[in-house]
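Using the sequences provided together with the hints, build the complete structure.
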Amino acid sequence: MSVRTNTRRLWSSLLCCATALAQNSRAFGQETPSLQHTHEHVAASEEVSSEAAHVPPAPPEHPIHAMPYREMAKMMQMDDTEPLGRVLLDQLEWRHTDQGQAALWEGEGWYGGDYNKLWVRSEGERVGGSTEDARVELLWDRIMTRWYSLQVGGREDFGNGPPRTWAALGVQGLAPYWFDLEATFYVGEQGRTAARLKAEYELLITQRLILQPEAEANLYGKSDPARRVGSGLSDFDVGLRLRYEIRRELAPYIGVAWTRRVGASGALVRAEEGSASDVQFIAGLRVWF
Amino acid sequence: MVGARHLRWATAGNPHPVLSGTEFDLEIGGLPVNFTGTPRMATVVNGQLPAPVLRWREGDTVTLRVSNRLPVPTSIHWHGVIVPADMDGVPGISFKGIDPGETYVYRFRVNQSGTYWYHSHSRFQEQTGLYGPLIIEPRGGERHEVARDYTVLLSDWSDLDPEHIYRLLKVKSNYFNFHERTVGDFFRDAHTEGLRQAFDDRAMWGNMRMDPTDLADVSGYAYTYLMNGTTPTGNWTGRFERGEKVRLRFINGSSMTYFDVRIPGLKLRVVAADGQDVEPVTVDEFRIGIAEVLDVIVEPSDDRAYTIFAQSIDRTGYARGTLAPRVGMEAEVPQLDPRALLTMADMGMAHDMGAMPGMQHGDMHDMAAMPGMQHGDMHAMGPAARHAPAEYGPTVDSIAMAPQSRLDDPGVGLRNNGRRVLTYADLHTLGGPIDHREASRDIELHLTGHMERYIWSFNGQKFSEAEPLRFNYGERLRLVLVNDNMMNHPIHLHGMWGEVQSEQGEFLLRKHTITVQPGQRLAYWVTADALGHWAYHCHVLYHMEAGMFREVIVERMGQKGARP
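Here the protein sequences line up with chains A and B, keeping their order.
Heads up, the first sequence is in our numbering, so the first residue is 72 and it goes up one at a time.
Heads up, the second sequence is in our numbering, so the first residue is 102 and it goes up one at a time.
Since the hints were derived computationally from the structure, they do not count as laboratory data.
It cannot be assumed that every hint is accurate.
[What the hints assert, rightly or not] Below, simulated EDC-like cross-link-like pairs (lysine to aspartate or glutamate); rule was C-alpha separation at most 16 Å, straight line:
#1 Lys-273/B x Asp-161/A
#2 Lys-197/B x Glu-132/A
#3 Lys-273/B x Glu-179/A
#4 Lys-145/A x Asp-161/A
#5 Lys-273/B x Glu-316/A
Shown next, in the form of structure tokens:
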């Protein structure tokens, strides 16, 4: 087949001879380097069909060199592996408790790409100028399934009593019906074990007025009287917060929380404070950036 | 006042600057603008937003010297124009990009005609104003004689830094959606449809962790919609004398916004799509996807003003302009249409599957032979969808179990609205396909994503994870796109036309950017006659950034690296 084959005629012949299609198509690819000129000739004819009107582009005179993704992403200024970060102070709040005013925080921050993130979580309580029960966790977060990620890392308890260090393994994600779930298991020194479970939900009263029920529970494998922790289910905190998002990033809220020390922990607290259950009124701020 | 200079663009009746000929000097730089009362910097060509209209002539060889006065690299891509691969303007694929202070000379022969556009292919410069119309006059003269000819370029402007918009979407994907369903909506639905129905509906969407109000990632909360660079208040105006034929070349140059366009009181005669002449079809309204182009002819018979109304798909705002006999005249601006909810069809499911209790979304792929499915639906659904393994991984939140062709579906929010709405099934490109061969093979790609994590991909693989697609030079192949996702994706293949197949497998229309609706399966032919490396991507700007992008390599068979 000549290099100067009229491509249109070639295609017509292909139509007539469907069985030879693949073979001819290869020949087309290999033997028509000056494709453009062929087409220009056709375009100049009286034909008005788009087959005649279409002119394929000439091959690039200065093609760019082949390059790995990294280099290409830099040149494109487009990189789907770009890491990002977020800090969420979910609860910065004041509670009216049996012991007086308490300030509580709960927040998290992450930095990373779509698959792997460095995750920091912290929560705690300050009463009368001293930090009570507080913890910070440093985790590696890896998305595992459509809705859940695995978290591995460590946790440090501080505040009231001696500090405790734990290794952490957990799951977090979005359960059906939009429940945010966190379940983390801990192994500490001297055979200590613990678990923390948390669930929250958001109910839109309006686009900006949002009711957020939340429940959290802590469990311990053995008692730690120095930190007023008994074995078994130690405490739970059920809260209902109503926030108004002035902006998505900034929302003051009011709420109510029922916090209760139970089991062996409850006995330890009751011995000191007289009551292990408390209904508290809350005012706070939710901020993220 | 920095905004003062820009205000020219916001003034009604100003003709849009046009550059014509064969030699062009385009300078890319910053421009202070003020669309909302807040001064901002735009990225523009020759100090203009949109960039000047370029007028070329079919058959001419054009030279475009593009100089970069920005502090960052830039580029220009001639959207829909078939040019050699090194002239296509995609950094990293076509060329190295244009560094600050540099000039890149684009030079190529123009072998086609019609309405196109040009825009930056660097980072988010498209979002900050780097787009302009491109008109190529046919050698033999226009097919349709008109008295007046206007380009109507729609875009979405934000005072927010696009870097910030992208980050917000990544960390909180529903950030811009202020139309989610509330407790009040539940009670209203319970009242009108019954408690059971309202509850089942919430349960179904909640079970999938999908939001039926998720029509657009970025809304009017962040955007001011522009027509020819003019705000709705600025009211861009095109003049006409009654009885004249007026050609309106609609270009959607926005980054994230689908527009539904109509001109109350006028019939729209659609004569070309993506620069390709079509059998004229008369409609009341059309949806124009990001990067799509439609030429429309109108004949206003009355001596009055008409509003060009382009509402965003999520009904959070509109671009607006006026056709009027005299500048300063205005017509009534319609109310935004009610906001629609996504339906079962948009999920790629047959309609009667909606009420199936306890359906697990992850199980959908197993449900092709679902009991109770209507036989009639089976026919429309075509073959049951098969999905790549990566689609069952953590980066994809939904798959279409029974995607349907639905080329005659005007899409969510336009169905049964009492107006005649354009669909792809109405469009027939004149002259037939560019290549009459049957496809020698199919390449099936699924449009995939994870809304919560804001990850976008083809077949569950982001650009960084995917090998390039390889086409054999000269082959005619068929791309089969299945939208597993609940959003519209305008898919753009550089360098080669896409020839959309009708449901019966016949040639329908030729396009450079093809919208695949949620839950839709759409097939189109491609003739791989363009040697080199090309971009293939979703034209939703932040979807592309987040991974919905592939490199296509057209190479001679047997060449190094070629696959069988």
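Evaluation of the provided hints:
no. : hint                  : result
1   : Lys-273/B x Asp-161/A : holds, 14 Å
2   : Lys-197/B x Glu-132/A : holds, 14 Å
3   : Lys-273/B x Glu-179/A : holds, 15 Å
4   : Lys-145/A x Asp-161/A : violated, 35 Å
5   : Lys-273/B x Glu-316/A : holds, 14 Å
Going down the numbered hints, you'll see the structure goes against just number 4.
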